[in-house]
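**Q** This is what each chain is made of:
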Amino acid sequence: MTSGPYNYSYIFKYIIIGDMGVGKSCLLHQFTEKKFMADCPHTIGVEFGTRIIEVSGQKIKLQIWDTAGQERFRAVTRSYYRGAAGALMVYDITRRSTYNHLSSWLTDARNLTNPNTVIFLIGNKSDLEAQRDVTYEEAKQFAEENGLLFLEASAKTGEHVEEAFLDTARKIYQNILDGSLDLNAAETGVQHKPSAPDSNQANLEPGGGKDSCSC
Amino acid sequence: MANLWKKFSDFLGISDPEFIIAPPLEGEIIYCKNNVCVHPPPQLTYLPKHLPGYMTIRTHGSGYLNTSLVLTWIPNISLNLHAEKDSVVSSTSESSPVRLDDGSKFSIDSKEDNVSHDSAVGGFHTDGDEKHTEGSSPVSLNVSFQDSGIGDGDSRTVKPDRKSVPSKEGDTTTEEDGKGPTINGEGADEAGLEDTAEDGGLAMRRGSSSESSTSGDLQTDIMLHKLLERHQILADEEREENQPERPTDLELPEQQQDGSKDDDDNQSVSSASQGSEYPEPFNTFLKNLKETDHMESDPTLSPAWLHNMMFPDNAISLFTNGQQVPLTNPREQLCGVFAVDLCHMRSLRIFFSDESCTSGQFVIASRESQYKILHFHHGGLDKLAEVFEHWQHCIKSLNRDQPGGETTDLCRKFTIIQSGLKAKDCHPEEGIYGPVNEEIWKSYVNERGQVEEPYALRKAIFFGGIDKNLRAEIWPFLLGMFEFESSEEDRLEIEKTKTAEYEEIKKKRASMTKEEKELFWKNVRCTVEKDVIRTDRSNPYFHGKNNPNLDVMCNILLNYAVYNPAQGYNQGMSDLLAPIMVELQNECESFWCFASLMENVIFVSSPKDEDMERQLAYLRELMKLMLPGFWKHLEKIENSMELLFCHRWILLCFKREFPEADALRIWEACWAHYQTDYFHLFVCLAIIALYGDDIVQQKLPADDMLLHFSNLSMQMNADLVLRKARAMLHRFRTLPSIPCTLDDLCRTCGTGMWDSGHSPVVECVGSHEEGYRCIHIR
Numbered sequence: 001m002t003s004g005p006y007n008y009s010y011i012f013k014y015i016i017i018g019d020m021g022v023g024k025s026c027l028l029h030q031f032t033e034k035k036f037m038a039d040c041p042h043t044i045g046v047e048f049g050t051r052i053i054e055v056s057g058q059k060i061k062l063q064i065w066d067t068a069g070q071e072r073f074r075a076v077t078r079s080y081y082r083g084a085a086g087a088l089m090v091y092d093i094t095r096r097s098t099y100n101h102l103s104s105w106l107t108d109a110r111n112l113t114n115p116n117t118v119i120f121l122i123g124n125k126s127d128l129e130a131q132r133d134v135t136y137e138e139a140k141q142f143a144e145e146n147g148l149l150f151l152e153a154s155a156k157t158g159e160h161v162e163e164a165f166l167d168t169a170r171k172i173y174q175n176i177l178d179g180s181l182d183l184n185a186a187e188t189g190v191q192h193k194p195s196a197p198d199s200n201q202a203n204l205e206p207g208g209g210k211d212s213c214s215c
Numbered sequence: 001m002a003n004l005w006k007k008f009s010d011f012l013g014i015s016d017p018e019f020i021i022a023p024p025l026e027g028e029i030i031y032c033k034n035n036v037c038v039h040p041p042p043q044l045t046y047l048p049k050h051l052p053g054y055m056t057i058r059t060h061g062s063g064y065l066n067t068s069l070v071l072t073w074i075p076n077i078s079l080n081l082h083a084e085k086d087s088v089v090s091s092t093s094e095s096s097p098v099r100l101d102d103g104s105k106f107s108i109d110s111k112e113d114n115v116s117h118d119s120a121v122g123g124f125h126t127d128g129d130e131k132h133t134e135g136s137s138p139v140s141l142n143v144s145f146q147d148s149g150i151g152d153g154d155s156r157t158v159k160p161d162r163k164s165v166p167s168k169e170g171d172t173t174t175e176e177d178g179k180g181p182t183i184n185g186e187g188a189d190e191a192g193l194e195d196t197a198e199d200g201g202l203a204m205r206r207g208s209s210s211e212s213s214t215s216g217d218l219q220t221d222i223m224l225h226k227l228l229e230r231h232q233i234l235a236d237e238e239r240e241e242n243q244p245e246r247p248t249d250l251e252l253p254e255q256q257q258d259g260s261k262d263d264d265d266n267q268s269v270s271s272a273s274q275g276s277e278y279p280e281p282f283n284t285f286l287k288n289l290k291e292t293d294h295m296e297s298d299p300t301l302s303p304a305w306l307h308n309m310m311f312p313d314n315a316i317s318l319f320t321n322g323q324q325v326p327l328t329n330p331r332e333q334l335c336g337v338f339a340v341d342l343c344h345m346r347s348l349r350i351f352f353s354d355e356s357c358t359s360g361q362f363v364i365a366s367r368e369s370q371y372k373i374l375h376f377h378h379g380g381l382d383k384l385a386e387v388f389e390h391w392q393h394c395i396k397s398l399n400r401d402q403p404g405g406e407t408t409d410l411c412r413k414f415t416i417i418q419s420g421l422k423a424k425d426c427h428p429e430e431g432i433y434g435p436v437n438e439e440i441w442k443s444y445v446n447e448r449g450q451v452e453e454p455y456a457l458r459k460a461i462f463f464g465g466i467d468k469n470l471r472a473e474i475w476p477f478l479l480g481m482f483e484f485e486s487s488e489e490d491r492l493e494i495e496k497t498k499t500a501e502y503e504e505i506k507k508k509r510a511s512m513t514k515e516e517k518e519l520f521w522k523n524v525r526c527t528v529e530k531d532v533i534r535t536d537r538s539n540p541y542f543h544g545k546n547n548p549n550l551d552v553m554c555n556i557l558l559n560y561a562v563y564n565p566a567q568g569y570n571q572g573m574s575d576l577l578a579p580i581m582v583e584l585q586n587e588c589e590s591f592w593c594f595a596s597l598m599e600n601v602i603f604v605s606s607p608k609d610e611d612m613e614r615q616l617a618y619l620r621e622l623m624k625l626m627l628p629g630f631w632k633h634l635e636k637i638e639n640s641m642e643l644l645f646c647h648r649w650i651l652l653c654f655k656r657e658f659p660e661a662d663a664l665r666i667w668e669a670c671w672a673h674y675q676t677d678y679f680h681l682f683v684c685l686a687i688i689a690l691y692g693d694d695i696v697q698q699k700l701p702a703d704d705m706l707l708h709f710s711n712l713s714m715q716m717n718a719d720l721v722l723r724k725a726r727a728m729l730h731r732f733r734t735l736p737s738i739p740c741t742l743d744d745l746c747r748t749c750g751t752g753m754w755d756s757g758h759s760p761v762v763e764c765v766g767s768h769e770e771g772y773r774c775i776h777i778r
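Residue numbers (full-length UniProt numbering), protein chains in the order written: chain A, 1 to 215; chain B, 1 to 778.
By construction, these hints were calculated from the structure, which means they are not laboratory data.
This structure is a prediction, so every number in the text was calculated from the model and none was measured.
Any given hint could turn out to be false.
[Claimed, not checked] Facing chain B, according to a computed beta carbon distance under 8 angstroms, are these residues of chain A, among others:
1. I44
2. E47
3. R72
4. R82
5. Y173
6. S180
7. L183
Glycine included, each C-beta is placed from N, C-alpha and C at the ideal position.
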């Protein structure tokens, strides 16, 4: 039962950015629902996804902001960057233009988030090898030059989707542990929820004894 | 419910509820109601619009401060899934655990908790039945999905169930017909509801009523027990007491199909062998259920999971062993058995949607702004409010005697806000107009085909909307393709011209040079093509691969970009075009209506900053004026003035906030341009007024506000919102004075805005750019 006030210790805010049609919403959907959504409606404004994951024994709730990709929404989209702990920057490996725009997305991400924000570059649609327009190597190099984590992934097959979201979280968590991310600072995109269950809640927490009667 | 409480206190020898010291007994069911609906989101197209289920509220925990309320909702569909006659009969003979004699039982863990409360709910619980040991699932029939998952036998029972009595229209057995009225307490007031088809197909399993003769017994336990046995709603208590003893295992036919008057919603009593054919959506639903069986039979799954005792996004956290487990799918999360401890929720709200304040929605918000919305279409919500009020009262009076403790905290959780809209708060002309139908429409049109009183017609549309069948005819007027005053003849002429003009546009697009084409592809076409294939695909009109209507949509959008290159294509346009295409079913006409919508209608701003900014500026002023509490909150928090949560509302005119049918009613109310061109802003105000209390109370920051409203999309009551919006417009119009910042808002409205003769004083508020001389400075 969702009885406890919080069944996780941290909330990390992520944003997903990138050109329209690169598959931002599909990546999110694949991550939260483990499904490929073929006719995923284009995002207007922002949409949310959440999932609770576990990193080093800590339960972390990812609150993922999925943004609109069209250039014209850029002004609004910028408002969503505030206080993001992680940014997933997505391009489509079959469309070079989406890759070429990365530098401007990156500029936004750097300018509008805090220095500790973990930026993860995702080359989506890796299942469409035949239509590849951007090589792995060059994107890898771009990522290294800019200090980004990088993976090619496929929202369709699910390949590397999990990894991208989880690796970002691990990196953020690591930043917390080594003190480079100060939880007390403003707009870190991380909220700490001390899980201090009251007595009542403890009784209701799920996953208790295996020997419960099946009545 | 009041009766019950009265009896309860009588039983304790206390006449004044003030003096009830003890809260309801542990495990006691203090409220139950059948056919409480959950509305699956429209994306889940294979599900019906309404999923009725059975709701109970049970007290939980012992001790004073630890007592809380557990709400459980079980879809009827799953009740029926487990209608194994034998197990039911045998189990009902045992005492229903209304009260647990062993208090410790409840406090062991959630598994047990779930199990026991489910059994309490249904009263069908078979003690010690160890047959289904995997996953320690209870055997009781009313515990849904996991049963079907674990025992193949269980799920198989569904099939014969459905096939044995294929019921069609009028395929009802006389026996049930005869019993209908006595069993169905609520039949009479349900006629005319849309959900009849879905509701009626469901047969809800209920237990033996062999103990019904004890009706009226004042002994609380027995009475509650009896209530459980019958799955009888408390609201029907009186009728119930008058009922004769019923035979077990009755089945209620799909009566709504043969008259709809009787019963779409009731406690139909069915046996496994007599189950009726489900409507098609449910067959699919059942099939889907079965498909997920494998997943659900995983013994490592916790019952909490299986019971869907969580808000959707908490799902993963329940797996403490860190294993990767299949995610539950949205269907189960949204439509499966649902149970929460109400004391751990952020807020509980009741929204009445009818005048008499008996029907409406019960909204449960978790601390993370996730919502579960239970729809009460057939009354009973007032009783729920009473139960809560009484409960709160009990807790409060208890706490008076308790030193310290988290008393206030517990009480706060039960803040019930009854935001029904009383008649006196509505627009004075509310409720006079029904949808504009053929007859009404004809009354407005003269023999030459002219609309003689456009203002009156727009007013009628503003209040009542347009009958679906007439949209193709009236929308072109509303959207400005035709003048209301044009005659049939004029319109034929206009159509001819417009058709020719459209052909010209098409030609223009076809005759682009190679360079132009490339540029057009880069700037427009590649975006359009990507969006068209993901716009309203769940609508049958656009459904399926290679649907020709997708090409039509693509063409209209491309042609529009040629016609109006300055605007080109903006994401969101396809969303606005799709419903027009569906209603008009004509490319050329759709194009022109869409073009009018884009150009002449103020509210559909292109997502250029200045257009949106102008809308938001008005909205901020309106909030300041009409929602001062909310405004104060906005002033206190950072980054709130961007009103990010309103952007999509305005951009798509609420299309993604309400199911399509509701959204179109809002569109029509806006398009009517009755008394204002900015009705959409009043709709924004209404949504905030109705659903924004949490934000102020809990001082939510900007991000959480966005999350709050984003989670409410497709969950709000459009009827209520519209009525509230009209009421707020009326209030605005009767204000003695308005700030000069809103003066423009009124001026652009043309005639009608101040047609009441009242004209407010415009006062300069002084917030102008330097050098601007406001004409309203006194």
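**Q** Hints first: check each against the structure and report whether it holds.
**A** Hints, verified against the model:
A least Cβ separation of about 5 angstroms between I44/A and chain B falls short of the 8 angstroms threshold, and the interface hint therefore holds. With 8 angstroms as the threshold, the beta carbon of E47/A comes within range of chain B, its nearest partner Cβ sitting at about 7 angstroms, so the hint holds. Interface hint status for R72/A: upheld, as the beta-carbon distance to the closest one in chain B is roughly 5 angstroms, under 8 angstroms. Because the smallest distance between the Cβ of R82/A and any Cβ of chain B comes to about 7 angstroms, under 8 angstroms, the interface hint for this residue holds.
With its C-beta approaching chain B no nearer than about 15 angstroms, Y173/A sits outside the 8 angstroms limit, and its interface hint is violated. Here the hint on S180/A is broken, as its CB sits about 23 angstroms from the closest CB of chain B, past 8 angstroms. Checking L183/A against chain B: minimum C-beta separation of about 17 angstroms lies over 8 angstroms; hint violated.
Checked against the numbered hints given earlier, the structure breaks hints 5, 6 and 7 and satisfies all the rest.
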